[in-house]
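Each chain is listed here by its residues.
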Amino acid sequence: MYFYSSLGYLLWILSIKLGTGDLAKYPFLNEASNYIRDTHFDFEELNRPEIEHIIYRAAKKIDVEITKGIIYEELEKYEVEILTFLITLIMVKSIGLELVLKKHSLLEAIRAEKFLIEDLKREKNQQKRRLLLFKIFEDLFKFKVDIDSENHQLFKVKVTDYLERAVQFHEQEWKLINRLVHKGYVYLDADETVRLIRSELSTLIYNRVKSMTFSSLPKAIKSRVDELSIKFKPMYEVRRIYTTTDYPPCIKHALDVMAIGENLSHSGRVMLATYMLAIGKSVEEVSALFHKAPDYNEETTRYQVEHLAGSRGSRIKYSVPSCKKLLNENLCFATEKCNGIINPIQFGRNK
Amino acid sequence: MINTNPTEKSLSIVKSAFREYYFKHSKNIEAPLRIEEREFGYMQFGSGMVRHIVFRNVGEILAVLVRDIPSDVYCSNAYYVFPSYPMQEKQWKGADLIFDIDSKDLCLSCEPTHSYFICINCGKISESKSEICLSCNTRRINRTSIPCNKCIHTLKKEVERLIDLLSGDLGIKEDAIQIYFSGNNGFHVHISDTEFHKLGSQARADIVGYLMGNSVMVESIGVRKGPEGFFIKFPKSGLAYGWRKRIACELGISQSSILKLSKMVQQKGGYDEFRTELIKTVRDLGVRIDPHVTIDIHRVFRMAGTLNSKSGLTKKRCHDLKSFDPLNDACLLGDKEIDMEIKARVKLRLKGQIFNLKKQNTRLPMYAAVYLICKGLASAN
Ligand code: SF4
Ligand SMILES: [Zn+2]
Ligand SMILES: [Zn+2]
Numbered sequence: 001m002y003f004y005s006s007l008g009y010l011l012w013i014l015s016i017k018l019g020t021g022d023l024a025k026y027p028f029l030n031e032a033s034n035y036i037r038d039t040h041f042d043f044e045e046l047n048r049p050e051i052e053h054i055i056y057r058a059a060k061k062i063d064v065e066i067t068k069g070i071i072y073e074e075l076e077k078y079e080v081e082i083l084t085f086l087i088t089l090i091m092v093k094s095i096g097l098e099l100v101l102k103k104h105s106l107l108e109a110i111r112a113e114k115f116l117i118e119d120l121k122r123e124k125n126q127q128k129r130r131l132l133l134f135k136i137f138e139d140l141f142k143f144k145v146d147i148d149s150e151n152h153q154l155f156k157v158k159v160t161d162y163l164e165r166a167v168q169f170h171e172q173e174w175k176l177i178n179r180l181v182h183k184g185y186v187y188l189d190a191d192e193t194v195r196l197i198r199s200e201l202s203t204l205i206y207n208r209v210k211s212m213t214f215s216s217l218p219k220a221i222k223s224r225v226d227e228l229s230i231k232f233k234p235m236y237e238v239r240r241i242y243t244t245t246d247y248p249p250c251i252k253h254a255l256d257v258m259a260i261g262e263n264l265s266h267s268g269r270v271m272l273a274t275y276m277l278a279i280g281k282s283v284e285e286v287s288a289l290f291h292k293a294p295d296y297n298e299e300t301t302r303y304q305v306e307h308l309a310g311s312r313g314s315r316i317k318y319s320v321p322s323c324k325k326l327l328n329e330n331l332c333f334a335t336e337k338c339n340g341i342i343n344p345i346q347f348g349r350n351k
Numbered sequence: 001m002i003n004t005n006p007t008e009k010s011l012s013i014v015k016s017a018f019r020e021y022y023f024k025h026s027k028n029i030e031a032p033l034r035i036e037e038r039e040f041g042y043m044q045f046g047s048g049m050v051r052h053i054v055f056r057n058v059g060e061i062l063a064v065l066v067r068d069i070p071s072d073v074y075c076s077n078a079y080y081v082f083p084s085y086p087m088q089e090k091q092w093k094g095a096d097l098i099f100d101i102d103s104k105d106l107c108l109s110c111e112p113t114h115s116y117f118i119c120i121n122c123g124k125i126s127e128s129k130s131e132i133c134l135s136c137n138t139r140r141i142n143r144t145s146i147p148c149n150k151c152i153h154t155l156k157k158e159v160e161r162l163i164d165l166l167s168g169d170l171g172i173k174e175d176a177i178q179i180y181f182s183g184n185n186g187f188h189v190h191i192s193d194t195e196f197h198k199l200g201s202q203a204r205a206d207i208v209g210y211l212m213g214n215s216v217m218v219e220s221i222g223v224r225k226g227p228e229g230f231f232i233k234f235p236k237s238g239l240a241y242g243w244r245k246r247i248a249c250e251l252g253i254s255q256s257s258i259l260k261l262s263k264m265v266q267q268k269g270g271y272d273e274f275r276t277e278l279i280k281t282v283r284d285l286g287v288r289i290d291p292h293v294t295i296d297i298h299r300v301f302r303m304a305g306t307l308n309s310k311s312g313l314t315k316k317r318c319h320d321l322k323s324f325d326p327l328n329d330a331c332l333l334g335d336k337e338i339d340m341e342i343k344a345r346v347k348l349r350l351k352g353q354i355f356n357l358k359k360q361n362t363r364l365p366m367y368a369a370v371y372l373i374c375k376g377l378a379s380a381n
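Chains as they are written, first to last, in this note's numbering: chain V, 1 to 351; chain B, 1 to 381.
Just so you know, the hints here were simulated from the structure itself, not pulled from any lab data.
Hints may be right or wrong, so weigh each one.
Only part of the chain V face toward chain B is listed, based on derived beta-carbon distances under 10 Å [as the list claims (entries may be wrong)]:
1. L75
2. K77
3. Q153
4. K158
5. T160
6. D161
7. L163
8. K183
9. Y185
10. D189
Below, in silico cross-link-like pairs of lysine to aspartate or glutamate (EDC-like), each with a Cα-Cα straight-line distance of 16 Å or less [stated by the list, open to error]:
11. B/K225 / V/E150
12. V/K183 / B/D164
13. B/K236 / V/D191
14. V/K183 / B/D175
15. B/K93 / V/E73
16. B/K236 / V/D189
17. B/K236 / V/D148
18. V/K183 / B/E174
19. V/K144 / B/E195
20. V/K158 / B/D193
21. B/K236 / V/E150
22. V/K25 / V/E73
23. B/K198 / V/E164
24. B/K198 / V/D161
25. V/K183 / B/D193
Cβ-Cβ distance ranges computed for the label pairs, FRET-style [as the list claims (entries may be wrong)]:
26. B/E20 / V/P249: 44 to 50 Å
27. B/G252 / V/S265: 34 to 40 Å
28. B/D335 / V/D146: 30 to 36 Å
29. V/K121 / B/G252: 32 to 38 Å
30. B/T113 / V/K142: 52 to 58 Å
31. B/V54 / V/E173: 30 to 36 Å
32. B/V81 / V/E76: 44 to 50 Å
33. V/E336 / B/I279: 28 to 34 Å
34. B/K263 / V/Y303: 37 to 43 Å
35. B/V54 / V/D226: 55 to 61 Å
36. V/E227 / B/G229: 51 to 57 Å
37. V/G348 / B/K260: 53 to 59 Å
38. B/K260 / V/Y303: 39 to 45 Å
Computed from a predicted structure; not experimentally measured.
Note that beta-carbon positions come from the ideal geometry of N, C-alpha and C, so glycine has one too.
The following block holds chain B by itself, in its conformation from the complex:
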């Protein structure tokens, strides 16, 4: 939860909503493949993380969910010989390839219009960014955000761009790509193609660099440093596919445009200047993913079908990304009315309902109440 000290009452509302969810929606819990080779972990409300757990089937997971009502549930993307042992002794066998697209990495222009800054010390909420809390002068500030339609639209576009690269360039078949809404402000993309399981961190880092458009060399499109500044010699493998094609399109060149490319480099001011600009262009064309998530082959990752305590929404599989509406399709908590105190001006859309709230006391359906408690913007009365 964003809110680090929710009131007793708020906490018990959230817990009962989560309990109800795990009772009613147990079929949403997706048992990962090769379940017995994975490590599980979960977070409990108000206490730490429990890790290195193993389950043999989805029934065992459900038993823990309804017994302990965890705030967040995780599962390793790695397969181990001994998943319950300490990290050094687990014996890594392989790991699913995963990608995380989160609105925090997208630098959206709408972000400031729906961000809040909450002081961890005194609880003061501000709508504008500041390093220091204006009421208590401390510097411990949490940021929270209520994604808008534009955020969701942009996130989906980014997911589509990622999928394009994964299938067009890396040759991953569509049925090996699973898309999930993360349960908060992003999407997770899981690759089940077993070819990729064996790859270690470094190979994954290389994939990340590829997707993000990092470390491109101008030589790969034929611009080389020479005695008179630079010269053009296209690579033997050509420019017909992948990044080379994307760059060639962007620059409007082809394998027969030696002169054109040469002029272009000259106009930019030479090899170094052209290089600097190309690096930037390619970065802008790249997909914005969180590199750490993909590179880390030992992490535990939010489990599909469980609730995200940053929002009370579900991490949910999107079978059709275009029509998927996270604020509707992943909002699965009940709608019993709750008395609430709203602590900031918020506009919000959930389950097809629009809530236009100011600082006030009001009654809200459970799903909206939990959402705002998790976001740190309201508490139960």
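Isolated chain V, as found in the complex:
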């Protein structure tokens, strides 16, 4: 089987419906993965010299994501993108570090998000916009999104579908009351609509990787994987300082969010940092907690933590927000053990 030609044929069929450019941007679509399943392609094909630059590109993409925490924005022609996507998945799987997988899945989702927002905003062909909405929201996530009949820049989603997804965001603007709600629908712009599926998209990619099985790696990929593993292992073997202590539920939740490389809201970070400082952790230890955040930047994080600790600027030491405040910010996950306390710092004290 000649790799390029059979792939080319399939992509050509797909591109009749969605443009080839779309498949390059959304390589996780069912169409693309069906191809990978249906063609039973031989892993050895990946040792071919013409694939080499794609392997290189995949490795670079993972490297940028993991070490810099930013998405790899470069967009190539679709054959290259789909193969890059596939090879990155194979590599991430082989590296075998959970946090690398989490971060990659998230960044891949954010990357697709950018393209999708662009497409939904700029695409003039309504048919095409509808097809994209269908392929991505409905086909992948059983989430029905319609274009508003009056204003084509607006999208309408069912209140219940909205609520199920929006509760993961802690910012006030996502509260239903701050949305345009009418007759069971919430009206959103392209950015907001797409933002709603970020975690589903990253879970999808995560699961794709988890369910992959292959017995041996092609040589060409193996050497890259080894390089990356050596580079990443020490980054993720940080002491897990929090596993044994009994932290209050709000803090545990925040740590869980951080641990999977998800984004924690600003107030969530303030809570986590002030709490950790209050129980005696150092600025270094506290900054390290944020190291897995998708938008981690060592300098600014350290600066902010120092600020909260009072060792910078105003020299005011910030105290841990009260339970009441945290409840208002949707950061409280109270259990029975929280009875009678008004600040997380009191949790588990009198026992």
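Following the hints, position chain B with the ligands against chain V.
Chain B with the ligands alone, transformed into the frame defined by chain V:
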């Protein structure tokens, strides 16, 4: 019951009235949908709560009602795989969306004129609010209230406002909304639209916030913080519906009133002042529901058709809210005469009868006798 230590005699009157009701009015008991997936619980007179019970049909429920004569009967709004297991093992499948409108949350101006404060320790009844019992100096005081026509009218208005929001904004169809009189001082609204079953506590809390008018941001109507204090930029989705429309109406603005809104904010004193005021306005426009009832997806909730031991009235479906009169339509106990001792001055209307009572011994029909015993304001002689 409000009265924590009713006399033997009073208790037996209430029990026999309840027994008679469950015999005669068994058709009032509304079997909830998907009955076998729900948890039931009941309270017995003078003892605790029995929970984690399952029934397969309404017949089984009735059997327990006439055998045990519970003071209050509850049913989960949640559906479980194993409803009779302990809480952690039940496996939640979904829950009806429910709302509770209670006069205690409405802060009615008439409330003080028909409230009573009963000392749990010595039984002294006072008509004016005090933290300490004037005869025994203890601080354990129970409050009870005899709702008046105004209370009922206001409660109904609140229910209507809730329904408006539920149907107009959340798009819930009228036939998916069931209204019940709670059996005491309020109404319960049950939503049977299965779309909402899957929602967890947090999503429900968001709905509650929406209905109550909490956490509104001035940005959602276009007032934004800027380098020179504030500026106006209307949201892309406009102001045409829902809360935005309500706020726009209240302020008298529309999508074309940038200048007007800008002036308004300036007049209030700027972004922060305008914000504080808007938050208050929106709260006042919101519906006053009990948030906990809606957010808790594991609670057991009073079952329709059963009696409420705080009053002896029935939790009853209102097919037509406008004409529904709880003090008549939900008062279903018998009218055998009972010798009673009335412990406070009370005015009361039940089953179309007006009772103007002072501290006295008198004969009352069973339904009124039970009502006053449950309220802690009388005992059987
Ligand atoms: S009650 Fe306080 S300590 Fe407990 S989870 Fe909520 S905020 Fe944290
Ligand atoms: Zn007393
Ligand atoms: Zn009243």
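Pairwise beta carbon distance, B/K260 to V/Y303, judged against the given window 39 to 45 Å: Since the Cβ atoms of B/K260 and V/Y303 sit about 43 Å apart, the hinted range of 39 to 45 Å holds.
CB of B/G252 to CB of V/S265, is that within 34 to 40 Å? holds (35 Å)
Are B/K236 and V/D148 close enough, with their CA atoms no more than 16 Å apart? Distance ~12 Å between B/K236 and V/D148 Cα, so the pair holds.
Mind checking the alpha carbons of V/K144 and B/E195 for me, to see if they're no more than 16 Å apart? Judged against 16 Å, a Cα distance of about 13 Å means the pair holds.
Check the hint pairing B/K236 with V/D189 against an upper bound of 16 Å on the C-alpha distance. holds (7 Å)
Please test the hint of 53 to 59 Å on the beta carbon pair from V/G348 and B/K260. holds (54 Å)
Hint check, V/L75 versus chain B [nearest Cβ-Cβ separation less than 10 Å]: violated (27 Å)
Quick check: does the Cβ-Cβ distance between B/V81 and V/E76 fall within 44 to 50 Å? holds (49 Å)
Hint check: 10 Å Cβ-Cβ cutoff, V/D189 to chain B: holds (5 Å)
Between B/K263 and V/Y303, does the C-beta distance stay in 37 to 43 Å? Between B/K263 and V/Y303, where Cβ atoms are some 41 Å apart, the hint holds.
Using Cβ atoms only, decide whether V/Y185 comes closer than 10 Å to chain B, and label the hint accordingly. holds (7 Å)
Hint validation: V/L163 versus chain B, beta carbon distance must be below 10 Å. Holds or violated? holds (4 Å)
When the structure is compared with the earlier hints, violations turn up for hints 1, 2, 11, 15, 28 and 31 and for no others.
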